[in-house]
Amino acid sequence: AGNRVMLKLSESTPATGALLKRLLASVFPEDLVAVVLGEAETGMAFSRLPFDHLLFTGATSIGKHVMRAAAENLTPVTLELGGKSP
1 AGNRVMLKLS
11 ESTPATGALL
21 KRLLASVFPE
31 DLVAVVLGEA
41 ETGMAFSRLP
51 FDHLLFTGAT
61 SIGKHVMRAA
71 AENLTPVTLE
81 LGGKSP
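Start counting the sequence shown at 1; every next residue gets the next number (full-length UniProt numbering).
Keep in mind the hints are simulated off the structure, nothing from the lab.
Treat the hints loosely; a few may be bogus.
[Claimed, not checked] DSS-like mimics (lysine-lysine), calculated; alpha carbons at most 30 angstroms apart, straight line: (1) K21 <-> K8; (2) K64 <-> K8; (3) K21 <-> K64.
[What the hints assert, rightly or not] Listed next, with one range per pair, are the computed distances between beta-carbon atoms: (4) A71 <-> V27: 30 to 36 angstroms; (5) R68 <-> S26: 34 to 40 angstroms; (6) A15 <-> G58: 14 to 20 angstroms; (7) S26 <-> S61: 31 to 37 angstroms; (8) A40 <-> E80: 16 to 22 angstroms; (9) R68 <-> A15: 29 to 35 angstroms; (10) T13 <-> G82: 27 to 33 angstroms; (11) L74 <-> T16: 28 to 34 angstroms; (12) S26 <-> P76: 27 to 33 angstroms.
C-beta: ideal position from N, C-alpha, C; glycine also.
Please construct the entire structure, taking both the sequences and the accompanying hints into account.
Pasting the structure below:
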C-alpha cells in the first residue's frame with residue numbers, strides 16, 4: 001500500500017550504479033526500491049513494462065524511444081530531456 005520505485009541507471013556510470021544499488025539496498029527492501037543495472041537494451045525492455053508512471057532523464061533522442069515503448073501500455077511518461085549538468 002504505497003509507491004514502489006524501480007531505477008534503471010545509466011550504463012555509462014557502472015560504478016555509481018553499483019554503489020547506489022548497494023546503498024539503497026541497505027535502507028529499503030528490494031520490493032520497495034529496486035535498482036536495475038544493464039545496457040541500453042535493458043533500458044528499452046524496462047520502458048516497455050506496464051508501470052503506473054515512467055520518468056526518464058536523458059537525451060532527447062532516447063526519450064523518443066522511451067515514449068514510444070511506454071505508449072504500448074498507455075503508461076504516463078515524464079521526460080526531462082536535453083539538459084546539461086555542470
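Given pair status - K8, K21, alpha carbons within 30 angstroms: 10 angstroms, holds
Between the beta carbons of L74 and T16, is the distance compatible with 28 to 34 angstroms? The hinted range 28 to 34 angstroms holds for L74 and T16, with Cβ atoms some 32 angstroms apart.
Cβ separation of R68 and A15, checked against the hinted range 29 to 35 angstroms: The hint (29 to 35 angstroms, Cβ to Cβ) holds, given that R68 and A15 are roughly 30 angstroms apart.
Regarding T13 and G82, is the given constraint of 27 to 33 angstroms on their beta-carbon distance met? 19 angstroms, violated
Mind checking the hinted window 14 to 20 angstroms against the Cβ distance between A15 and G58? 19 angstroms, holds
Do A71 and V27 keep their Cβ atoms within the hinted range of 30 to 36 angstroms? 34 angstroms, holds
Whether the CB-CB distance between R68 and S26 falls inside 34 to 40 angstroms: 36 angstroms, holds
Straight-line Cα separation of K64 and K8 no greater than 30 angstroms? 17 angstroms, holds
Starting from K21, check that the Cα of K64 is at most 30 angstroms away, please. 27 angstroms, holds
Is the hinted range of 27 to 33 angstroms satisfied by the C-beta distance from S26 to P76? 31 angstroms, holds
Does the beta carbon distance between S26 and S61 stay inside 31 to 37 angstroms, or does it fall outside? Roughly 35 angstroms apart at Cβ, these two residues keep to the hinted range, so it holds.
Given a hinted range of 16 to 22 angstroms, is it respected by the beta-carbon distance of A40 and E80? Distance hint for A40, E80 holds at roughly 18 angstroms.
Violated hints amount to a single one, hint 10; each of the other numbered hints is respected by the structure.
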